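A.B. asks: What follows is the residue order along each chain.
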Amino acid sequence: METIQYLVGGLANTFTFQTLLYLIIGVLVGQIVGILPGLGPVTGLALLIPMTFGMDPIPALVMLTGVYYGAMFGGALTSIMFNTPGDAAAVVTTFDGYPLTKQGKAGLAIGTATIGSTLGGLVSAVLIVLLAPLVAKLALAFGPAEYTILIALSFLLIIGLASKSKVKSGISALLGLMLALIGQDPITGTPRYTFGHFELLQGIDFVVVALGLFAIGEIISSLENYKEMKDQKVGKVTKIFPNKQEFKQILGPIRNGTLIGFVVGLLPGAGATISSFLSYSIAKKSSKSPDSFGKGNIEGVAASESANNGSVGGAMVPMLTLGIPGSNSTAVLLGGMMILGLQPGPMFFTNYPEIAWTVIVSMFVGIIILFLMNTLLLRGFIQILRVPYSILAVSIIILAFLGAFSVNRSMFEVFLMGAFGCLGYFLKKNDYPLAPLVLTLVLGGLLEQNWRRALSISDGSYIAFFQSPISITLLVIGLLVIVIPIFKKFSKKQSGGKEINV
Amino acid sequence: MKRKKRLSFVILMVLLCLVISGCSSNANGESAKKSKADFPNKPVTIIVNTNPGSSVDVMARKVASIGEKYLGQPIVVENKPGGDGAVAMGYVLNQKNDGYTLWAGTKTLVGALNTTLSHYKVDSFQPVIRIQDDPFALGVSKDSPFNNLDDLIMFAKENPGKVKIGGFGSTSAHTFAAYEFMDKASIEMTWIPFDAGSDGITNVMGGHIDVAHSNPSTMKQFVESGDIKILSVASEERLTDFPDVGTYKEQGIDFVDSQWRGLFVKGGTPNDIVNVLHDALKKTMEDPEFIEYMKTSNQYDGYMNPEEFQNSIQKEYEATKAIVEKNGIGK
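Chain order of the listed sequences is A and B.
With the UniProt record's numbering as the guide, the letters of the first sequence map in order to residues 1 to 502.
With the UniProt record's numbering as the guide, the letters of the second sequence map in order to residues 1 to 331.
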């Protein structure tokens, strides 16, 4: 009963003129930074936090939260249209989104992404209301050992995703791990592979690598077939929303994606990224046409977008109930709350029920606003694709430069991005998948830290990884992922005598 | 031909402008030295080496909004994150030493001077005022067998390296403080570094490590909710918020250390400019609005004037240096 009372109160608070206005500003800014390559929710929050200074806590917090999920929403657009993911979570959306654009189905891809994002966001907001107190403790159960296994599992899945060559995707993954090593050793603080450059001490920022590999790499390789690009027609955007049959097709991936997003989002760390990769690989495995993944399957877009938006709700739970930020974005959001004089933590719901519930209710309203905004503006967005590629490419390069520069406000990152652009072109040309590189770069540092933390906690004993039910469950899943395909191949050989490539 | 002539004229003028402006910046530098009396006559900038929202950023923004009326000029806060503060520090040191660019620094500076930023010296920065003092504290889970510092030290003495103590960073002020404590108590524990101080607390609550090295301000809520017990605080006297928690000193370990936050200018800034800034900022600290902020954010008054501040940094620098060399951190 009390919850309903708070929800109604929250609704009333959200629909005051001031709060609604700031909510719209928040989601709009979020959407825009999400669309701009290289700028993610962190940038958007950093931009707006100084503005909240001296504001009422409710509209301020509603606005800041809006930036966070707005950016997740917007991230899909550039991934789909230009193969340029704005942040790590949107990388997976490029896998099928960009091929769809190439086939002239950008509208359908964005429509699917919008539906996936909306459902993912709404359902995870419902889950906060229902489960927040129960699942908050789950975040505590994840210690270094459990993290190590979870991250290793996601590496396994992403390498397993490769349909062409597992060796090539393994090479790509190792390349990412190697890049993740650059910087200060996370445990002892010793500089590694920095060659005395203090720019490298912090490691290589993911944004720089992603912009280089995807955006710049794509533009370089498009120069090869410039003539084709020139003649390519966008095609009439007649279709935005999937039809009944397609809708049925994406419903499963969305349901799974949202749940995966919410649960993985709960865990402090790279929740949105891991969840979108996990959701994608599960969607591929359970799909009726797994071979069309990576070539433009709307299920892939739906799986990725529902997971990264679902993770927003998940990440809000430990932040609000324990004061633990689950991602970079929630860490900045947490800081924003402290500026407002609020201390999120175990006493937050007790001390400020009105603020806490208004923020949750505003998420529903904000997501619906985003949905309407996206459907209304979608046709406009797609017109961008009609701009001649020569102009479009240059604009993307300029935006990518801005994005790389904004990481540390230095030219070093811009040059680095150029280098990664060349690497991206080379990898693409030789059929190396880029996704494993990106995932291992983002999570490699976390894997190493947690691995070493777990071992120093257990005094070097590997038993650490087999001690909790969570670790064992995850290990069993990992084992199944390895064993089942082998078993399948084996049984195929028995029955049909099909050739096996090792 | 005419066009070419015109072009070379334009180039000539551009070069001339460059030369003149090059000279003028020199002249400015000199005039700044001469006209200390009317400092400040333009807005002052505070550089923060984190993203907006960190404790030090919140402090800088409060100082900026309240301090304007005492300084008589607008104060702007600019965030320059990156390189463990190296980006911001490098930026401040590249400005003129005219007092218009301040840096909001924390005790992290002392560690950085000993490790990642060893090419800077203690006097690269001139302290202006120390504002906050956030003493270090040890926290354990509510189910922990340790109830005070003695329990912990006794256990650690019998089981060297068995106790896992975790907190922020591998070369942070927390790391050095933990090693200093171990040194003074002659015990051995295993340091588990985390990306954020709050991760140490969650890992204690989840039963993954034994002790969290944190600050009372960070642990306050968890103490109120009954999840965390604080064993000791590294302040001179007991804190008013935690009257039941003993200091290290009264529990037999001569250890006082804190994560302070203060403001600096570039080294070599003239004394009267530093004094103008200090006086205005001291009045800011005494403003009721600022006192209220300190209270709501669970921060403690850590006021020191430039001289005291300089001396205490020098002392901490030497203490940290000894620890870094002894334990080989960051090498």
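No lab work stands behind these hints: they were computed from the structure.
Do not rely on the hints blindly, as some may be mistaken.
Pairs of lysine-lysine residues, derived as DSS-like cross-links and limited to a Cα-Cα distance of at most 27 angstroms, are as follows [what the hints assert, rightly or not]:
#	chain 1	residue 1	chain 2	residue 2
1	B	K326	A	K137
2	A	K137	B	K142
3	A	K239	A	K102
4	B	K164	A	K137
5	A	K285	A	K295
6	B	K220	A	K137
7	A	K137	A	K248
8	A	K239	A	K105
9	A	K239	A	K429
Here chain A is said to cover these stretches of chain B; the calculated rule only asks that three of the stretch's residues, wherever they fall, bring their Cβ under 8 angstroms from a Cβ of chain A [to be verified]:
#	region
10	205-214
11	276-287
Computed from a prediction, not measured in an experiment: that's the story for all the values here.
The C-beta atom is built at its ideal place from N, Cα and C for all residues, glycine as well.
A.B. asks: Each of the hints needs a verdict: does it hold here or not?
C.D. replies: Tested hints:
For the proposed pair K326 (chain B) and K137 (chain A), the alpha carbon gap of about 39 angstroms is over 27 angstroms, so the pair is violated. At roughly 15 angstroms between alpha-carbon atoms, K137 (chain A) and K142 (chain B) fall within 27 angstroms of each other, so this suggested pair holds. Using a Cα cut-off of 27 angstroms, the hinted pair K239 (chain A) and K102 (chain A) holds, with the two alpha carbons roughly 15 angstroms apart. Taking the CA atoms of K164 (chain B) and K137 (chain A), the gap is near 21 angstroms; set against the 27 angstroms cutoff, the hint holds.
Using a Cα cut-off of 27 angstroms, the hinted pair K285 (chain A) and K295 (chain A) holds, with the two alpha carbons roughly 15 angstroms apart. For a cut-off of 27 angstroms, the pair hint linking K220 (chain B) to K137 (chain A) stands: about 19 angstroms separates their Cα positions. Among the hinted pairs, K137 (chain A) with K248 (chain A) is inconsistent with the structure: their alpha-carbon atoms are about 35 angstroms apart, more than 27 angstroms. Note on K239 (chain A) and K105 (chain A): the hinted pairing holds, with a Cα-Cα distance of about 8 angstroms set against a maximum of 27 angstroms.
Proximity of K239 (chain A) to K429 (chain A) is assessed by CA-CA distance (about 32 angstroms); at most 27 angstroms being required, the pair is judged violated. Taking a C-beta to C-beta cut-off of 8 angstroms, the region 205-214 of chain B contributes 5 residues in contact with chain A, enough for the three needed, and the coverage statement holds. Counting residues of the region 276-287 of chain B whose beta-carbon sits less than 8 angstroms from any beta-carbon of chain A gives 0, not enough to reach three: the coverage restraint is violated.
Comparing the model with each earlier hint shows violations of hints 1, 7, 9 and 11; every other hint is respected.
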